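Protein chains in written order, with my numbering: chain A, 5 to 114; chain B, 33 to 145.
Misleading hints may appear alongside valid ones.
Stated by the list, open to error - No farther apart than 25 angstroms at their CA atoms in a straight line, the calculated lysine-lysine pairs in the DSS-like style are these:
| # | chain 1 | residue 1 | chain 2 | residue 2 |
| --- | --- | --- | --- | --- |
| 1 | A | 101 | B | 39 |
| 2 | A | 101 | A | 7 |
| 3 | A | 113 | A | 59 |
| 4 | A | 113 | A | 75 |
| 5 | B | 39 | A | 7 |
| 6 | A | 21 | A | 113 |
What the hints assert, rightly or not - Cβ pair distances, simulated, as ranges:
| # | chain 1 | residue 1 | chain 2 | residue 2 | range |
| --- | --- | --- | --- | --- | --- |
| 7 | B | 54 | A | 44 | 20 to 28 angstroms |
| 8 | B | 48 | A | 80 | 45 to 53 angstroms |
| 9 | A | 83 | B | 48 | 24 to 32 angstroms |
| 10 | B | 130 | A | 98 | 13 to 21 angstroms |
| 11 | B | 104 | A | 114 | 45 to 53 angstroms |
| 12 | A | 87 | B | 130 | 36 to 44 angstroms |
| 13 | A | 49 | B | 52 | 19 to 27 angstroms |
| 14 | B | 47 | A | 80 | 45 to 53 angstroms |
| 15 | B | 47 | A | 60 | 24 to 32 angstroms |
| 16 | A | 114 | B | 116 | 37 to 45 angstroms |
Treat the hints as calculated values from the structure; they're not laboratory data.
Everything numeric in this text was worked out from a predicted model, so none of it was measured.
The beta-carbon is built from N, C-alpha and C at its ideal position, and this holds for glycine as well.
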Amino acid sequence: SQKIEQNSEALNIQEGKTATLTCNYTNYSPAYLQWYRQDPGRGPVFLLLIRENEKEKRKERLKVTFDTTLKQSLFHITASQPADSATYLCALDLGGKSTFGDGTTLTVKP
Amino acid sequence: SAVISQKPSRDICQRGTSLTIQCQVDSQVTMMFWYRQQPGQSLTLIATANQGSEATYESGFVIDKFPISRPNLTFSTLTVSNMSPEDSSIYLCSCRVNTGELFFGEGSRLTVL
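Chain A on its own, in the form it takes in the complex (with noise of 0.2 angstroms):
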């Protein structure tokens, strides 16, 4: 059966820490793949996307990584802030229509 995973429900690091999380998936051949934020009561707002023959993307702070040998991504945020505390998704394209993972909930404590 198709599964994606994301490492853990919660991580907690301390302000100016690496956090990484981990998004694993199984029976998939994914075109792309997205990670998303999203705060409580809110909707998730993209952050970034990654295709199939990307290895690593960067953004300011953010970076991901794409094995798909590994059926793996990675998602670091560096230099991390107690704003950056929130639940972070990823999400497989799937001809056309997204699938989510469950989310790790990251807070970073000052």
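Following the hints, complete the assembly by docking chain B onto the known chain A.
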């Protein structure tokens, strides 16, 4: 990018009634979707709203329960019909832009008593 306005933002409804959620995009988009997000869970795709034709529903969702309209490239509605407490959830409208990413509305939080 795209900005999505969704209403109502929240509502409390009685069992057996129906509620229609409206979704307005600030630009013309080809792909619009409706998702459901139950408390503490991730997003589940309900259907793809097709302009000028019937929506395409995902497994577990049917037109009689979740009728969808898409009269043009900027607007869609989702109706939750004959509601039960199990329908209490957040319903999210989204659209896909040409570069592939999704934009979401703020969601409609529905509570069924």
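Cross-check of the supplied hints:
no., hint, verdict
1, A/101 - B/39, "holds, 23 angstroms"
2, A/101 - A/7, "holds, 15 angstroms"
3, A/113 - A/59, "violated, 30 angstroms"
4, A/113 - A/75, "violated, 31 angstroms"
5, B/39 - A/7, "violated, 32 angstroms"
6, A/21 - A/113, "holds, 10 angstroms"
7, B/54 - A/44: 20 to 28 angstroms, "holds, 23 angstroms"
8, B/48 - A/80: 45 to 53 angstroms, "holds, 49 angstroms"
9, A/83 - B/48: 24 to 32 angstroms, "violated, 53 angstroms"
10, B/130 - A/98: 13 to 21 angstroms, "holds, 18 angstroms"
11, B/104 - A/114: 45 to 53 angstroms, "holds, 48 angstroms"
12, A/87 - B/130: 36 to 44 angstroms, "violated, 30 angstroms"
13, A/49 - B/52: 19 to 27 angstroms, "holds, 26 angstroms"
14, B/47 - A/80: 45 to 53 angstroms, "holds, 46 angstroms"
15, B/47 - A/60: 24 to 32 angstroms, "violated, 51 angstroms"
16, A/114 - B/116: 37 to 45 angstroms, "holds, 44 angstroms"
Consistency note: the structure conflicts with the earlier hints numbered 3, 4, 5, 9, 12 and 15.
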